[in-house]
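Whole structure, please, built from the sequences with the hints as guidance.
Going down the list, the protein sequences come from chains A and B.
For the first sequence, position 101 matches number 101 in our numbering, and the numbering has no gaps at all.
For the second sequence, position 61 matches number 164 in our numbering, and the numbering has no gaps at all.
Simulated from the structure, these hints should not be mistaken for lab results.
The beta carbon of each residue, even a glycine, is placed where N, CA and C say it ideally should be.
Be a bit skeptical, because a hint or two may be false.
Stated by the list, open to error - Quick list of the computed label-pair ranges, beta carbon to beta carbon:
(1) A:THR87 / B:GLN135: 31 to 41 Å
(2) B:PRO418 / A:LEU74: 35 to 45 Å
(3) A:HIS61 / B:LYS501: 32 to 42 Å
To be verified - Looking from chain B toward chain A, a few residues come up when the C-beta cut is under 7 Å (computed):
(4) ASP372
(5) PHE373
(6) GLU375
(7) GLN456
(8) PHE460
(9) PHE497
(10) LYS513
(11) GLY521
(12) ALA524
Stated by the list, open to error - Lysine-lysine pairs mimicking DSS-like chemistry, simulated, CA-CA at most 30 Å apart:
(13) B:LYS203 / B:LYS139
(14) B:LYS501 / A:LYS102
(15) B:LYS139 / A:LYS103
(16) B:LYS200 / A:LYS102
(17) B:LYS203 / A:LYS103
(18) B:LYS274 / B:LYS320
(19) A:LYS72 / B:LYS158
(20) B:LYS139 / A:LYS102
(21) B:LYS509 / A:LYS103
(22) B:LYS274 / B:LYS173
(23) B:LYS490 / B:LYS158
(24) B:LYS200 / B:LYS227
(25) A:LYS103 / B:LYS158
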Amino acid sequence: MTRRVVRGAALAAAAAFFASAELRAADLELGRYLATECMTCHGTASATSTIPNIFGLGEGHFVEVIRAYRVKALPNPIMQSIAERLTDEDIAALAAYFQTAKK
Amino acid sequence: MTDMTRRNFGLLAGASLATLSTPLFAPTAFGQAKPKVVVIGGGPGGGTVARYLAKDSGGAIDVTLIEQQKTFTTCFFSNLYVGGFRDYKSITHNYDKVKKAGVKVVHAMATAIDRDKKQVVVGKQRIPYDRLVVAPGIDLKFDSVPGYSEAAASIMPHAWKPGPQTQLLVKKLNALKDGDTIVMIAPPNPFRCPPGPYERVSMFAHVLKKKGHKKSKIIVIDPKPAFSKQAVFMEGWEKHYPGMIEWQDPKMHGGIKGVDPKTGVVKTDFAEYKAALCNVIPAQMAGKIARDANLANQTGWCEIHPESMKSKVDPNIFVLGDASIAGDMPKSAFSANSQAKVAAMVIRSELTQSRAFPARYSNTCWSLIAPDDDIKVGGNFEPGDGKIKAAPGFVSQKGESADIRKQNYKESVDWYNGIVADIFG
Chain A
1 MTRRVVRGAA
11 LAAAAAFFAS
21 AELRAADLEL
31 GRYLATECMT
41 CHGTASATST
51 IPNIFGLGEG
61 HFVEVIRAYR
71 VKALPNPIMQ
81 SIAERLTDED
91 IAALAAYFQT
101 AKK
Chain B
104 MTDMTRRNFG
114 LLAGASLATL
124 STPLFAPTAF
134 GQAKPKVVVI
144 GGGPGGGTVA
154 RYLAKDSGGA
164 IDVTLIEQQK
174 TFTTCFFSNL
184 YVGGFRDYKS
194 ITHNYDKVKK
204 AGVKVVHAMA
214 TAIDRDKKQV
224 VVGKQRIPYD
234 RLVVAPGIDL
244 KFDSVPGYSE
254 AAASIMPHAW
264 KPGPQTQLLV
274 KKLNALKDGD
284 TIVMIAPPNP
294 FRCPPGPYER
304 VSMFAHVLKK
314 KGHKKSKIIV
324 IDPKPAFSKQ
334 AVFMEGWEKH
344 YPGMIEWQDP
354 KMHGGIKGVD
364 PKTGVVKTDF
374 AEYKAALCNV
384 IPAQMAGKIA
394 RDANLANQTG
404 WCEIHPESMK
414 SKVDPNIFVL
424 GDASIAGDMP
434 KSAFSANSQA
444 KVAAMVIRSE
454 LTQSRAFPAR
464 YSNTCWSLIA
474 PDDDIKVGGN
484 FEPGDGKIKA
494 APGFVSQKGE
504 SADIRKQNYK
514 ESVDWYNGIV
524 ADIFG
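Quick look at the structure:
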């Protein structure tokens, strides 16, 4: 029983590791190309601007927010429209790019 | 689990191999001349493509931007200058940061394109290119309005190319007395900035209202039966400027007979107006250099391949922005900036073997009706049916809350800062 729990936890940890490994394998070059669209509005965004700064945003948070726009769970038609055509792969690529990209 | 593990390791290995085989900055072989890209026109299309090529190629491409003017006043947001929301300086930008990005900026007039020799003629100089980007913006068809001419523009400003014309328009607007009439001759399709004339009318009205005018009128003579964001513009005009703006479609005016710059008289089929300020926005076509190089078709605009923004008549030339026939995309700075990124990606892939991606375009146009009342229209575009095709987009709705409209305005101001940095660095 105990052994099974430990094994279960190890499996979960391994799954988490490979999930993050998949994120690390995100297509950065694709992210860099797709990100050029974001730059039009977000390139000079700051902590106080209406358009938020997305540089250095955590990958997980980025993915969550864009997916929410994609299903229109967050308002703003511009972001809904942009998110609408992004695949999961696109979003992962963008998230990976912006996590480390410098302005 | 074992299967999944293998798959993931496979994915990782594949990713790192791909990274190794296609570096972001493709190096040029030692001793080999760098490929040359020349860009004509330093506006939203030209500035963006030059900066992105220089920046993303890491110096592997020799980029030259030819722009006559040392500073560039943006047409977008020039209506906000007309309305007194911005000063002239705040919409005027220089090329210092474009140069810093590694672009050679030549402040001279590109006089011709020698397509056979792949050279741009700049006075007595010839600048060779491997790829040429043509982004000259628009020229005005002055004779599309009877009685109007380039000389008449010093009395009846078009202000559809930013600069002294915009300043003249503001000067004339501020000199108006209560009871005066403004007449705007709106342009036929296709033209630069579809909501622009109607945002400008809103700014005229805002200035007159602020000056306390009670009797002044604004008449819009339009050759089109409908215009961009019409329902929300008209709702806004009624709300903020009741009775001041009269928009006439062709059924209402019967046709534009002509303007007389000497007397300020504007004649339509059904009426005659004495305008204290007449703003004539004539029909438009691609900039002269593009037409002279036979890049334009019989419509006066340049056909492009929707996957790349490459000219349909010359595989070494790309046409961006207002001068191009960009399918469903409007002629806007946002569109030009979006098209420039696709062109930069394609040019890099052709010249430095960097990776190519499917073209994606987008556009949003904001328009200010009154303080904190801003509307927007936009959407995504992709190649389809042989053109740049629109996906279902969005447009501001009638009866929206003041909060949404105020938010739109703030968003537009942030966008302006963002896009000018994206164009000019």
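Distance restraint evaluation - THR87 of chain A, GLN135 of chain B, Cβ atoms, bounds 31 to 41 Å: holds, 38 Å
Closest C-beta approach of GLY521 of chain B to chain A relative to 7 Å, hint status: With a minimum Cβ separation of about 5 Å from chain A (threshold 7 Å), the hint on GLY521 of chain B holds.
Residue hint PHE497 of chain B, partner chain A, criterion CB-CB below 7 Å: At about 4 Å, which falls below the 7 Å cut-off, the nearest Cβ of chain A leaves the hint on PHE497 of chain B intact, so it holds.
Agreement of hint ASP372 of chain B with chain A interface, Cβ distance less than 7 Å: For ASP372 of chain B, the interface hint is violated, since the closest Cβ of chain A sits about 40 Å away, which is over 7 Å.
LYS203 of chain B paired with LYS139 of chain B [C-alpha distance capped at 30 Å]: holds, 18 Å
Hint consistency between LYS274 of chain B and LYS320 of chain B [alpha-carbon to alpha-carbon, up to 30 Å]: holds, 18 Å
Restraint check for LYS139 of chain B with LYS103 of chain A, where alpha carbons must lie at most 30 Å apart: Roughly 27 Å between the alpha carbons, so the hint for LYS139 of chain B and LYS103 of chain A holds.
Hint consistency between LYS490 of chain B and LYS158 of chain B [alpha-carbon to alpha-carbon, up to 30 Å]: holds, 29 Å
30 Å Cα cutoff - pair LYS72 of chain A, LYS158 of chain B: Status violated; Cα separation ~35 Å.
Satisfaction of the hinted span 32 to 42 Å by the C-beta atoms belonging to HIS61 of chain A and LYS501 of chain B: holds, 35 Å
Hinted contact GLN456 of chain B with chain A - closest CB pair below 7 Å: violated, 13 Å
Closest C-beta approach of ALA524 of chain B to chain A relative to 7 Å, hint status: holds, 5 Å
Violated hints, in rising order: 4, 5, 6, 7, 14 and 19; the structure is consistent with all others.
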